[in-house]
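Visitor: In case you want the letters, here they are:
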Amino acid sequence: MKNEEVGQLIKEYKETGEPLLTLLHKIQNLIPHNHLPAEVLKKVSRELKIPVSSLYSTASFYSMFSLKPRGKHIIRVCSSPPCKLEEYDSLIEAIGEKLNLSIGETTCDGQFTLEEQSCLGLCSLASVMMVDNDIYKNVTVTQLPEILDTYVEE
Amino acid sequence: MEKLFLKINGNEIEVEPGLTVLQVAKSFGIDIPTLCHHDQLSPIGACRLCVVETKQGTLQPACTLPATQGLEVETESPRVVEARKFILNLLFAERNHYCMFCEASGDCELQNMGYRYGIDHFAFSPYQTKFPTDFSHKYILLEHNRCILCRRCIRACSDLAGHYVLGMVNRGAHTMLSPDMESPLKASSCVSCGACAQVCPTGSLADKIGAFRGKADEMTKTKSVCANCSVGCGILAFTKANHLIKIWGEWESPVNHGILCELGRFSPLNEKRKRVLQPIIRQEGRREVISYQDAIKKATQKLKEAKNPGGIISPKTTNEALEAFNILFSTSLQSKNTGLMESYNEKAVKLSADGCLEDILIANAVVLYKVDPSTSHGVVASWVKKAVTKGAYLYIVTDEENSLSFYATETFKTSEADKLVNTLENSKKVVVILNPQVESADLEILKKVKAVFLPLYKSANSLGAIKKGLNGFFEKSDVALIVASDFSGDGNLLASLQDVSYLIVISNFVSPLTERANLIIPSATWLETSGTFTNLEGKTQDVSSIMEAPEGVKTDKAIIEDFMKALG
Amino acid sequence: MKIYRLHVLLSTDSRSILRGALEVETKLKEEIIKKGLENEVQILRTGGWGIEEGVQLTVYPGGLIYVINNVEDIPYLVEEHFLKGRPVKKLMYEIDAPAKVEMTAPIEEEIMKKQTRIILRNVGLINPEDIKEYIAHDGYQALAQVLSTMTPEQVISEIKASELSGRGGAGFPTGFKWELTAKAPAKPKYIICNADEGEPGTFKDRVIMEGDPHSIIESMAIAAYAVGANKGFIYVRGEYDLSIDRLNIAIKQSKEIGLLGNNILGTNFDFDVEVRIGAGSYVCGEETALMESLEGKRGEPRSKPPYPSTEGLWAKPTVINNVETLANIPLIILKGAEWYKGLGVEGSRGTKVFTLFGDVNAKGVIEVPFGFTLKELIYEIGYGIKGGKNLKLVQLGGSSGSFITPEHLDVPIDWNSVRKIGAGQGSGAILVLDETRCVIDFLKNLLAFFNHESCGKCVPCRVGLPKALDLLNRVTSGNVEIDELGFMEELANVMKNTSFCGLGQAAANQILESLKYFKSEFINHIETGYCPANKCGRL
Amino acid sequence: MAKVKIASTWLEACSGCHMSLLDMDERIVELIQAGVEFTSTPITDLKHPPEEGVDIGIIEGAIGTDLHEEEAKHLRKKCKILIAIGDCAVFGGIVTMRNYFSREEVLTRGYLETESTKDGKIPTSDELGKLLPKVKAVKDIVKVDFYIPGCPPPADSIYTALKELLGGRVPVLKGDLLKYD
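These protein sequences, in sequence, are chains A, B, C and D. Per this note's numbering, the first sequence starts with residue 113, numbered consecutively. Per this note's numbering, the second sequence starts with residue 637, numbered consecutively. Per this note's numbering, the third sequence starts with residue 2, numbered consecutively. Per this note's numbering, the fourth sequence starts with residue 197, numbered consecutively.
Please note: incorrect hints may appear among the correct ones.
Straight-line Cα separation of at most 35 angstroms, DSBU-like style, residue types lysine-lysine; simulated pairs [to be verified]:
1) B:K1084 <-> A:K161
2) D:K339 <-> B:K721
3) C:K184 <-> B:K1022
4) C:K253 <-> A:K126
5) D:K243 <-> C:K536
6) A:K155 <-> B:K721
7) C:K188 <-> A:K180
8) C:K253 <-> B:K1022
9) A:K154 <-> B:K774
10) C:K536 <-> B:K1022
11) A:K138 <-> C:K253
Bear in mind the hints are in silico, worked out from the structure with no lab data behind them.
Can you build the whole structure from these sequences, using the hints too?
Guide: Here is the structure:
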């Protein structure tokens, strides 16, 4: 666990009053597997004197935070109605078949997590999909293997 | 203030500003149904059952709708009733609300609403998802299948009790009640105050001991005062056939406003100690049951014959019993050799002229001076947590672990206690909570602090006893009378009795003290006694007997009066 | 100062970046150096034009717009146009519409023919990462004018006089909102820019933040001056990385030259802005939920009253305005309320940014004065329905918006006219669905979206949505009686009337409108299993 | 006066509701004198409602097997007014507790793993009903006209409902007549 870095971030929060959600984003980006582990939340709770239940309530509310470990790469398929008009269903199905995954799950090898993504404001380019921070537009099932293969570890 | 005129169900109503429609309706005897709302909790408008129809034709929740000039609402219009039925149908279908296997059936607010609105079947098929049931906790059962997510428990746990154990996890249809971070209740930071179970409208949070033992309206309810520490919390005890079923915090109590601690709410239900039920005499190494009259005769005879009769009384007995005890010794026995089962630093007692518990809630700074109220005076700990969440600073002086250190702004070693004086210099309102057994050196430091002082006496009537001049053990005695209540007598007490050749003990339970006694007389517990207690603030409150004492068992006061009668 | 012969504006908004803007930029630079034109041609990064094709290069003088779909075309373009001065026709922007529109230079005019750009005045024209460009386009002049010549009361009365109304969806008069906060006694006060643009189909705020971030900061400062606030927050969706970056750059630059901070422009007015990031919650677009989120809590809406104007962020008086609303402010100050009122129609003044997408030929962001009809927007600016099909339905205002059926295509889009047909213009998203789409499938997607985003606080929304979805699934599987449609309608009515916030109400509206306009489609699904999109078919 | 014919049946339930029906005691006689004829009921031991149908059908119990489903549908066809009586028929009731488990788990527990079982076997005879994946309330299978909840419903509730129906009125159960347990 990146204890020191997390500690440093919390210290900055205390000094600058940086907002909680931003702090949680930063911590999550630090932690391997893109999540907020219980020990880290406990540490935040202790340091900032926010009751652990309140912190957990907040963290669990937002879809960008994960409380359980995720894969190395996060596949987010935009699930807002405009994207669902296009390829959403077949994309989810194809990803499911290729990686043996359904929404919210992580592959056994810990490589990929599949998540629904709320509207990215790229509706004119539907269907939209993100892998980590890379955005793909007008995605079709045929392009999918190629996209995913670039993330598969050698 | 300008008066407001509004119309509810066509009736002109005149009210003061600042109220919600629900409050106004209630004060005029108009019953608007509620579920997520609870009179003690701040309204959140979540369940939408209390909707009323405005003149403009909108449905607004009465619990959060402010009463404004000229407002006109209907509380049972056809649209309102239709909406309420639908909301009930949605609630019934969200989780498992089959009444016939629920503990709360008969006391359930959801069920009552179903009856009130004639829900004779579920309009939606209920979900068949099984939610977890958490049996882990010693006293509290958390049954997610019955939860309607009204958040009363969360608000009680946080806003009323200050513990912040319960929260909501996830969102939307996946929202769940969660202790800490979805921990089992037992492993969570729950302090077993039980406020959650008291406010739960359904069978989702229940007190395990009282569960499945009948409906509340089949029980006798008695208001009284808790005897488990010196806070003097108001309680409402539920009994059935002289069995104690459950204890609630009394909302009306000016001391605790409905909040209790583990000791207050659950320990009396969990009483495992063995009662003394008959007078017992020990002669020539043998124990014999004797009659009450013989016991009184024997005891008074021994006391009369004594050179130096002595008496020690429990700080858990009523002011009336203490009074009788004082008269017994001063008048009937002509002895000044009396004492209390506890001893306090008189100077600490004097320090606390006018402190009260409410001061904690409005303090800017709170000091815990060599004291940890969590296990002994739970409601004080609650109040401290509430003060801190409202923004008060908390300073702890201790060399040991303190269960409230999470909330502390700073913790001082006892050797650094004098640092407090400077730290608190700029705080407007300071409350120092201290152990009344502190040394005089501590008091020298504390005297320099401008503050309200609250000594945490151990027992329900410690202050009452001190005020009657009782404090600490007697010096020396040959025949001694101990009115023990439920005290078992610690090593110090037993040591102080070394020279006593004949020991008479009036006690609730079998204990090392009764083992040492030559004559034991059974007494009624506080649950079986009426009278008054004086709490740590100096408030004298009425204690009512909640249960009947076992046959032939009398209260301390009655026994002492029988002593006086026998002594003439 | 260097003088360039040609200025190339390169679209680098997030949608262009997706289409390879950064690769185009590298290649352009490479080729320009190769041809030795580095002192003659300047490449400037800007926002996008609102064209949903390739990477757009606008070349000045001339205002020719090229759409680059393949970097391999760049050497030719540089050689022909930049070196030899011969515009490359085959790379120019053309609209793929049935009636092919011949583009004649300057193409800027073609795109702008019907549009009026006030809110998007700088988008596509300036480098959003350079404050100097904003200033060169009259940026921060309105702030300077306000601080040096106007009292806060005058600012508020000017905004009131302009009749500017909120562009977030509710259309509340902005000046009035400011006045309420200005008059509230409690202190401190706050300005919040609501940039939590989560409404599916809406990306206008993103275009502004990515293309012209300073306009938001300037407007917030003006608002702060008007109401007496010294602190502002821009609450941006966590998903909008580029917006967050550009806003942060803009704030940093403004601070550096004293347009934010203490004693702005030598006056005693202090103002500071911070960007705060959301974390994935649609309901946080609701103003009180947004405030809860800003305070670090669950983004659940609060009961109203009290309203944010008097008890908002940390229970202090707060002005909360949408990005698009704010972007209007500087021009209103500079050109005056009277000028602004000259745009649009009675009751709806100024312009509105729409996002046009779905089954339409030209998708994108457009800005027109209020009062255009949907027909004009779809058939003239959007060049009609893809593949020449018939229009089935327009969803106006995003997923929480209203259904507009073909018979209402001539209704002008302004607050009053739209209200008359029982709809709302919402955020300005225009989703066009053609005749082959299935309404029930669409409705299911809408409800699934709302179900995912419901905060779970109130019963009608938390439980009503899954129950409505259950019912819909039974409709598509044919496992339902026709009279249960009436029950679904009752459910939707209760949800609409009793939900805590707009989310549950909007979701219910989608059900009600689907049933109102497309009941026969429901009945067809139930009775015959027929689905126009062949999506819900019982196979 | 023409006879009002009543048929009742007992699906997945404990029979408590029929006991409650009998608890009407002499009021049964009163009903019969008023023109009621009980045709097929578990009490009269007639298995099938008369071919020409009945006026009132009463179902106790939830729908747990394919046979229950068939029987409910059959009675629905044969009656004019269908009443669901008791919590199992109305809500699904206590028998829905098995919905938390799979069919296999239920059968294994029931026939193989109970403490008193020796050499147990899961019955497979075709004559036995097959468990549906989930137990359902009657209204989830067929249209129900009136509901009398309760576990069991008070005899007074059943009596009142029948009396009201005989009088041509729509029964509304209120107060002590409406209970869930």
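Visitor: Each hint: holds or not?
Guide: Verification of the hints:
Straight-line distance between C-alpha atoms of K1084 of chain B and K161 of chain A comes to about 30 angstroms, which keeps the hinted pair within the 35 angstroms bound. At roughly 20 angstroms between alpha-carbon atoms, K339 of chain D and K721 of chain B fall within 35 angstroms of each other, so this suggested pair holds. Pair hint K184 of chain C plus K1022 of chain B holds up; C-alpha atoms about 33 angstroms apart against a cutoff of 35 angstroms. Between K253 of chain C and K126 of chain A the alpha-carbon distance is near 22 angstroms, which keeps this suggested pair within the 35 angstroms criterion.
Restraint check for K243 of chain D and K536 of chain C: not satisfied, since their Cα atoms lie roughly 45 angstroms apart, outside the 35 angstroms limit. Restraint check: the Cα-Cα separation between K155 of chain A and K721 of chain B comes to about 46 angstroms, which exceeds 35 angstroms; the hinted pair is violated. Between K188 of chain C and K180 of chain A the alpha-carbon distance is near 41 angstroms, which puts this suggested pair outside the 35 angstroms criterion. Annotation: proposed proximity of K253 of chain C to K1022 of chain B is violated, straight-line Cα distance about 40 angstroms (limit 35 angstroms).
With a C-alpha separation of about 24 angstroms, the suggested pair K154 of chain A and K774 of chain B falls inside the 35 angstroms cut-off, and the hint holds. In summary, the hint linking K536 of chain C to K1022 of chain B is not supported, as the alpha carbons are separated by about 56 angstroms, beyond the 35 angstroms threshold. With a CA separation close to 20 angstroms, the supplied pair K138 of chain A and K253 of chain C stays within the 35 angstroms bound.
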